[in-house]
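Asks: Chains A and D, in that order, are what the protein sequence lines are. So for the first sequence, this note's numbering puts the first residue at 63; every next one is plus one. So for the second sequence, this note's numbering puts the first residue at 63; every next one is plus one.
Derived from the structure by calculation, the hints contain no laboratory data. Don't take each hint at face value.
[Stated by the list, open to error] Quick list of in silico lysine to any residue cross-link-like pairs, SDA-like style, CA-CA up to 20 Å:
1) A:K200 x D:N84
2) A:K329 x D:A235
3) D:K168 x D:Q198
4) A:K207 x D:N84
5) A:K329 x D:Q245
There are 2 protein chains.
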Amino acid sequence: MKIAIYGYGNLGRGVQAAINQNDDMELVGIFTRRDPATVKAEAPVYAAADIQNFKNDVDVLIICGGSATDLPEMTPALAADFNVVDSFDTHADIPAHFARVDAAAKQSGHTALISCGWDPGMFSVNRLYASAILPQGKDYTFWGKGVSQGHSDAIRRIEGVADARQYTCPVEAAVEAVRSGSQPELTTREKHTRLCYVVAKEGADLAAIERQIKTMPKYFADYDTAVHFISQEELDAHHKGIPHGGKVIRTGQTGSGANHVIEYSLKLDSNPEFTASVLVAYARAIGRLHGRGETGCKTVFDIPPIDLSPLSPDELRAHLL
Amino acid sequence: MKIAIYGYGNLGRGVQAAINQNDDMELVGIFTRRDPATVKAEAPVYAAADIQNFKNDVDVLIICGGSATDLPEMTPALAADFNVVDSFDTHADIPAHFARVDAAAKQSGHTALISCGWDPGMFSVNRLYASAILPQGKDYTFWGKGVSQGHSDAIRRIEGVADARQYTCPVEAAVEAVRSGSQPELTTREKHTRLCYVVAKEGADLAAIERQIKTMPKYFADYDTAVHFISQEELDAHHKGIPHGGKVIRTGQTGSGANHVIEYSLKLDSNPEFTASVLVAYARAIGRLHGRGETGCKTVFDIPPIDLSPLSPDELRAHLL
C-alpha cells in the first residue's frame, strides 16, 4: 500500500516512523508547506502545492495538520482526489467536519476517515463497545498524566514567561470512585488537576504570572492548578517529552444487579508517535474499504477491526481470537 | 429485532436479562432440552426439538450451549435455518468450528457469529487492535481473579470432596512487570496462581485431597496452588457468585524508542451475565449484517463497532466519538 504524508511536524514524523514498522506499506512521498529543500526526511519531499501531480501514485494520504484551521479546509479539499485519513479532534465540530468530508469523498468516489487517533479514536471505539455491552451504565474518560500543548502554549503567551510545560493529571480518588461502580457525578475540578512548570524571564513578577495562570478562564480557572517555577535547564532536562494517556471506564449493572467494570487505558511515552501509529493502522483499513468500493466519509466506528491488521483472517482466527 | 434463546442455563438466563435492557429487542422464545413445562422464564418456553417451527419468527438465535459437545453440533445445524450467535470458547478448535459453521451458513444464506463473549470476544478484539497499532510489541492476557467452573468441577470429582470453588488469580508482580514495558518471558506458573476452597466429606483424608489437587496434571500441577478447607455454610455464604475478569496488555515501541502500554481490563461480578450482554450486542450486529446481505460465518473481528449500538450513526458521532 502506497502512503503519502501531508504535513511534516511531530505527527507527520510519527507517521513516517510507523510506516517503517509495517512491511506491507511504502512511504511514497512527504508534502510540506515549507521549502522542500530544507526538510530532511526518509522519503522524497515535495511542495504541498504539487500534490495534484501524485493522484495516481498514492493509495492513502495521511493528513497531518492542525484541527483549528488546517483540517477543516484540507481534508474536504484533498478528498476530491485522494483517499484520506485525518486526526480532527475538535469534538464539538465533528458532525460538521464529517458532513463536508463525506460530501467531497462521495462526489469524487474516494474513501475518507476523520477523527482518528486515540481520543477521538481508540477511546471512542471503547466508549461505543462498552455502552453497547452495558446499556445500563455510565462512562467516564480521564486524561493524563500527559502534556497538553494547548495549555502549555496558553502559559507561554503570558507576559514574563519564557517557556512552560503543562501536565493534565487525573485525580486518583475520582478514578477509584468510578472503578467502585458507584457512578459518581464528578465536576471538572474533581476529575483532573493541572500541573504547570514555568520558566520565568529575568525580573518577571512570579506572583502575577501564577495568578494569571490560575485564573485563566476555560484553561485553568475550573481546575486545581499547581504552578512551579523552574530553570530552562531543568525544563529541558525533565520536561521535553510529549507523554500522554488516559482511561475510558464504564461501569454498569446486568439483570441480577451484578456490577461490571470495563476499563481501557493508555500510557504513552510519545503522544504524536502513538497517534501516528493509529493513523497508519487505519490507513490500511481505508485502502481496503476503497478497494471494496466503499466510498464517503467513515469514522473508527465503521471500521471492522480485521481491516486494521496485516495478518490474514485465518491467522487472526487461529492466533488472536 | 426478534431474538430467541437456545439452551436455558446460566448463560441463557443472562441473555434473557440482557434483552430486557435493550428496547429494540424482543425475546420471542426460549428453547430447552428439558421439559418446557418445568422451566420458568419471562418468555414462552418450547422444546428444543420444535425449533424448526419457528424459522420465520426469529431474526437471531442465540445458542447457549457448552463448547465441549453442544456447540460443535448445534451451531452448524441451526445455521441451516437461522442467523445464529454462539460463545464457542475452545480456542484451539476455533478454525475447525468456523469452517463448519461457515459452510452451513453460506449454503443456507444465513449469518453466523461464533466465539463471542469476553475471551474469546472482547479480549480478542483488543488483542487485534493493540497488535495492529503497535506491530513491534508483545501482548499478554491475564485472567481473574475469577471462578473457573472447569477447575471447580475437577476438584469435586476427587474422592472425599463434597463441594469446591476454584479461583484463578493473576500474579500482581507479573502484571506490573508487563506494564513496565520490559516484555518479560513468563511461565505459566509466573502468570497465575490457583486458589481452592474445598468442602470435605466427613472423615475424608484432607492431606490426600490436597495432594491430589496440587499434582493434578494440566489443571493444577503447573501452578502454585493454595487449598483451603472450609465448611459448606462458609462456601455458600462467600463463594456462590461467579465473578471473573482479567486483562489484555500490549506494550510496544514506536520509532524513537518511545514505550507505550495499552491495557484493557474487565472486572465482572457475574461472568455469565456479562458474557450474555456481549452476545446480545453482537446479535444486533448479526441481524444488521444479514439485512445487508452478508452471509456466512463471522467473528468479532469482522463486525464494525457501529453495528453493536442501538444509537444512530449521527448520535454516535456527535456524542461518543
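Asks: Could you run down the list of hints and mark each one as holding or not?
Replies: We went through each hint and held it up to the structure:
no.	hint	verdict
1	A:K200 x D:N84	holds, 15 Å
2	A:K329 x D:A235	holds, 18 Å
3	D:K168 x D:Q198	violated, 37 Å
4	A:K207 x D:N84	violated, 36 Å
5	A:K329 x D:Q245	holds, 15 Å
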